[in-house]
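Using the hints, position chain B against chain A.
Chains as they are written, first to last, in my numbering: chain A, 55 to 385; chain B, 574 to 995.
Just so you know, these hints were derived from the structure itself, not from any lab. Built from N, CA and C at the ideal position, the CB exists for glycine as well. Worth double-checking, as some hints may not be accurate.
Computed Cβ-Cβ distance ranges for the label pairs, DEER-style [said to hold, decoys possible]:
(1) B/G794 - A/N254: 26 to 34 Å
(2) A/F224 - B/P789: 39 to 47 Å
(3) A/L136 - B/I987: 19 to 27 Å
(4) B/D672 - A/D177: 18 to 26 Å
(5) A/S118 - B/E632: 54 to 62 Å
(6) A/E171 - B/T626: 42 to 50 Å
(7) B/T703 - A/R170: 20 to 28 Å
(8) A/D287 - B/E632: 37 to 45 Å
(9) B/I921 - A/P340: 22 to 30 Å
Some, not all, of what chain A presents toward chain B, calculated at C-beta under 10 Å [what the hints assert, rightly or not]:
(10) L137
(11) I139
(12) L144
(13) A146
(14) I159
(15) Q162
(16) V163
(17) N191
(18) S351
(19) L356
(20) V357
(21) M362
(22) L364
(23) P369
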Amino acid sequence: MDFIFIFQQSISAAVGVNAIIFALAAIGLNMHFGYTGLLNFGQAGFLAVGAYTVATLVVSFDVSLWLAFLAGIGTSIILALLLGIPTLRLRADYLAIVTIATSEIIRQVARSVTMREYLGGSDGITGKFGAEFFDLNPFPNGLDTPLIRFTPNDLWVVLVGWTLVALFVFLNWVIMRSPWGRVIKGIREDEDAVRSLGKNVYLYKMQSLILGGIAGSVAGFVYAISRQSVQPDNYSTALTFFAYAVLILGGAARVFGPVVGSVIFWFLLVFIEQFFRQGMSANLIPDWLMNNNQVGSVRFILVGVALMLLMIYRPQGIFGDKKELALNARA
Amino acid sequence: MARWLRNAVMALLLSVIFVPTTMASAEGETSTIFGVMVDKDGNPLQGVEFTITLPDTSETIVTSDATGRWEYVVTVSGSYQVTINPDSLPSGVALTEPDRVTKSVIVFGLGNALPEMKFLTGDGPERASTFDVAMQLALDGLILGVTIGLAAVGLSLIFGTTGLTNFAHGELMTLGAMVAYFLNQLGIHIIPAALLSVGLSVVLGGFIQDRYLWKPLRKRGTGLIAMLVVSIGLGLAVRYVFLYIFGGDKMQYQQYSGQAGLQFGPLSITPKSIVSAAIGVLLIAATVAWLLKSAMGKASRAVADNPALASASGIDVEKVISTVWMLGAGLAAYAGVIMGMNQGVQFIMGSDILLLIFAAVTLGGLGTAYGAIVGSLIVGLFVQLSTLFIPTELKYVGALFVLIVILLVRPQGILGRKERIG
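Next comes chain A alone, as it looks inside the complex (with noise of 0.2 Å):
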């Protein structure tokens, strides 16, 4: 067993672009879910629209990468008026559905082979769409340390990322100390008593939903960017419920959640993997009881029961205050 080793990747991963993607999604789905109340279980479309927008842009339409990332964000708020028109009136189970399904849809049109020509079908679109963002990279020579080791690219990925995070942050503590922020919690807690209060509920819910998307929208750029390639299989369900996994972990309507949340999950997650891989190449791990390819697996069992254990036994997360996240408020 090599610890040192495991450490490396688990703290690499923990500090790492994944760590970035996620909490900027999880950023998004707080504005949603944490602060708003509102069931988005499509934070995968959102990312996949951000993503696929750069790519195709850039790759087949030979567009500035820069006018590229506006425009992703610019068809990451179509996407939330599209899904916020017909279920924001509607109870909260209603959003949930039409949010998966969208996403769903989102995904299989973009692994369609009707739509190879311009989002690359099942293998989605690979080439050098990241070249002027690079070009700027300041780091020729990477990171290589005993415990964290980047390339290149990857260096100045995670330094924007973060400084991207950090932004968003930011922007997400100033807004919910307005009184726009103050509506929004409210509508969480008692929609009729802030509609009573002469306040349009539902534009406040898609101020809230379009939001939340551009955050999505953003992590599904780095997430571009940072491969070098977008593949629609990436941007399945899956990828939601991670989001979820790691805002309930680190505390939903908490500014710091998603990010805390983030860095905890994917250090434990590679951690753990890591520790299979190496418990089975050191033989610790007997052959019949797990092989190279059921590692993979143990990442989403372990996913699906974090969420329900911090579901049913913490739902406030490691930050959360109970009292204020009450999740039921309209169910």
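Just chain B, lined up with the frame of chain A:
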């Protein structure tokens, strides 16, 4: 020519190196040129014709059998050409590389296993008349609708009595299909295996799940949305436990897997589909009768209406809920077995169809069992018939899109009541 030469040299070299074995095997040994024709979903294609051109340029025709397998036993080494007849592919299936109908294989050293010859297929144009195709699709749609309906009734009853939107309902289907598969692998015929599997699912997926997971949560006063998230976690965990145990491959039951279709005029249907769908219809009818006539069924409707009032009028609410769970789990397990028989067993099968079940339940009206049945038939028909107009790969997309449109115009669903939605 160069490749032929290289192969010949290789063959020569090999025969020199392996003189003893080659000598021993040369006598009466054969090789088999073979392939398995499947459509893009992995379903076997029967009756596909292949023309084999022998080294002496004579030709033989072979056809694929019910499992999609075709083969030609080679007794003379040399170069063989295999030409697929694209017109023999079933309607709606076409080659993905239409200009590569002929592939050649060089057989040297008889007795060696040859690699499988692959002709990949995808969606192709329908050749039958539109009306016939529509009839066939409607029939397929009804069968899909019954499968969805079996699961949707249970989902809807559980939602009605407990308020839980169960995102792990698809896994109940997978459980039924997988238990049946394992029993089948132990040598039990699929029919008793299916019965045992449904029985086990009733106990494990219904009674035990409710008794040791949902009942304690209700006692703790866990909120409905929290329970919804719990069901998502449960579904995810269970799905990947299935993957862990079962692996990712799609498996077929040992009986009836490559059953030939019966022809009724333009319609083709396998006997297993007729029987399993008929039993499904009976089960749904029995459930409706149970809801309407039996004391427990009436009690379950009372609980769905108003649990507190039902409890006050002497109904044992927990017992009703437990019964509903067992019923829902049993119906879902049976739906899983039907799916397993028609499309094969895979760990992801339940979650793949879950959204269609939700679409059916929402379409009919959340919480109404009859609505779920109507919704399921509509979704089943729509999914299949929509392939007349949109590519088959997007048929689920069409159904989900319609779900969203329906919510826009009639959010309470077809049979739902308005007060449930606000």
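**Asked** Quick check: which numbered hints come out false for this structure?
**Response** Hints 6 and 17 are the ones this structure does not satisfy, whereas the remaining hints hold.
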